[in-house]
Amino acid sequence: MTRACSHVCARGLTICASLLLVALSIPRPAAAQWSTAYHQFYRQASHNWEFRRNYPAADRLFNAFDYGHAILYETLFTEPNAPTSRLEQREYDFITQRLLVTPPRLPLEESVIEVEYAKLVPEAKEMFEWAHVLHRQVYDIWADERLSTEDKDREVNRLLKHYLARRNAAFSTRPKDMQLMEGQPYSLAFRRRYPKFNGLIWAYHWLQVGLYEPLVTAKSREARQAGVDAAVARFRAMLADPPRSMPTVMPMTAAVAPEFSRRYPEIAIIFDNLHAMHDVISDVLADSAVPRSRKRAEILRAVARYRDDTSSVITVAEWRDMAEEMSADHMGGRAVTPAPRPQTTWTSELVERRLREANIQARPLPPTGPHIFMSIPARRYELAGDELQVFLYPDSASRARDTSKLDRERVAPPNMMIKWRAQPSLIMDGNLAAIIITNDEARRQQVRDALSPLDKPNDR
Amino acid sequence: MLHPPSWRVKHVRRGIGRRIALVAALAVSAGGALDAQTDFYNTSPGRPLRVEDAVPVEYRAVDLNVAPLRLDVMREDTRFWSLHPEATIGILPRTQLQFAMPIGYVDAPTTSTVGVAGLDVSVLRALNMETSIPALAVSGDISLPVGPLGGTATYGTLKGIMTRTLPWARFHGNAQFTAGPSTSSDDPATSAANEGRDLSRWLAGIAVDKTFALHSLLVTAESFAEQPISNGASVAWSAGAGLRYQLDPRWTMDAGIGRRFSGDDPAWYVTFGSAYAVGLR
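Line by line, the protein sequences are chains A and B.
Take the first sequence: its letter number 254 is residue 254 in our numbering, and every next letter is one higher.
When you read off a place in the second sequence, starting at 1, and then add 460, the result is the number in our numbering.
No lab work stands behind these hints: they were computed from the structure.
Below are the SDA-like pairs computed for lysine to any residue, each with C-alpha atoms no more than 20 angstroms apart in a straight line:
| id | chain 1 | residue 1 | chain 2 | residue 2 |
| --- | --- | --- | --- | --- |
| 1 | A | LYS161 | B | TYR519 |
| 2 | A | LYS152 | B | ARG741 |
| 3 | B | LYS619 | B | THR638 |
| 4 | A | LYS405 | A | MET374 |
| 5 | A | LYS161 | B | LEU552 |
The structure presented is a predicted model; accordingly, all values stated were derived computationally and were not measured.
Taking the hints into account, I'd like the entire structure generated from these sequences.
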């Protein structure tokens, strides 16, 4: 090529490309939005990338998960009229037969895969990324064999503070009710249309929270390794016969990784809010009743609800109850099967001791004979104007026979109207059922905390 | 752009191929020992091309470009080597501060010169994150006359940057203007003193890149025009191509090749760089 020719080519290329760039950059006025979201680097620490170093197979799976989430959103947003087979077969097969078999060696730049979605709501994308950083750094801490258990707890608490310092990107540490995820006009649109891909996403979420359980419960490096391997094997088994072998409800951290959730309830709640918001965004994108021009606004509305500490908040005890009622078996199972242990039995002495330890003044009331809807009489206590009714059964099966007949919301049999003096709440654990009747929410929570769960060191 | 001297004193030929191989080998072997990272998706000037994207380094990230190397091969057997160590810090959300101290080595047929070629301090501020509006950023740069190849005057540069992402490629547009005295090509002393500095009166260019996400690889190409800082010099047009590749979560490498087609100093150039990312504690 002569010099003159090169010159002309270079100049022509520049001018043409510049014009193209200007044309492509003119925003569509209706959709134009100004976003000031930003990326933040992970917290620098000695444990950075320890999980990758010690558990490379599991770590690489997470890189593949990045792709699954990204291609899902991009497809739902850019190809709303594509046949369901686009996700249920083509992408599902690619992911399960190729990507999960040979996962990428590095975390993916998701904005390359979900180009249009990333431009639609960078705020939501940044929230996901920041929560995923938290995920990975908690793995790193618990994968670092140089740290003692106390060091790990201290590092996790530091990490949590670091995470929460970005209020615009952090999920709330307050649990949210299922209404937020399943009671909106767009709810369930995704899972009804794409049951297999939805099951795949839930299987991802099962592993993401389930991996913590062997890391925090195992007592040695070898046991941790074996536990992580077992969790990964269980995840792969979920893909064996889709969607039957997959979770049928959203995996909740308190059910899948109960010990991790007891140790770090705030982080477990953050992850549940994260995973619930994943589902909400899938629904908004999949629901044709939400017009394309409203998708961003709807997603930002949901994002705000999962970020604030006020919308649809439930108590931590209710969050645990919800996880228990939804049942770990429907979520893919507990990540670590607990060893059989002797069942602690509630007694009136234990109940009164627990109330005393919680600084609750409980004055026994005289017996009143048979209860109106329970099969055994109640032991009644007066708590500074409020009332607590305690039912102690011979075993948990007897207790379940009574409580399974109740509408838990109203604390009454479905066909019976009862006028309570104040708002009742049902507490259940093992052979115990209790009804706290109060309008004082702090008191209600105090009693809940005192009476559940069992297994404090002095209970036996 | 760098404008190596056209004067000649003594013919000094070196084995270019051997030197490139040596530097590459050193860089790669250092990488094996380190456990490094930077974001392969985030381009910056010279790494590998001149036109950059409108995305700063992440808030609280420190990007260490220890030994980015550039070689310009010009007419009359003149070669210009440049080592461009720099540190970039995400000091605020969407804002980066960068320090760079280029070191130049002019290898002409009859002479050679080596030395620091100025001290650059720059701030880049992203105005937004891309939505239906392209990502926009502005940057300001001060180039101080430090070192034997650092010239005699201070220059200030203001740049506007835009990035637009499409499903099949990303496009970037850069336009910049530099304030400061023009150098005179009639005055060899002044001209020579500014040779090592990366200066042009104005520059405008575009780049396109394509990312292969599953392989952590970015391939890019650019074309730009610039008016050299020296009086009477004609506009120079350049085009280049390059790639960035993520080696591991902290460690990235890049390489590029380009050609200055017109202007007073047509030349081929190649770049090779690597970067290591850490976070602020």
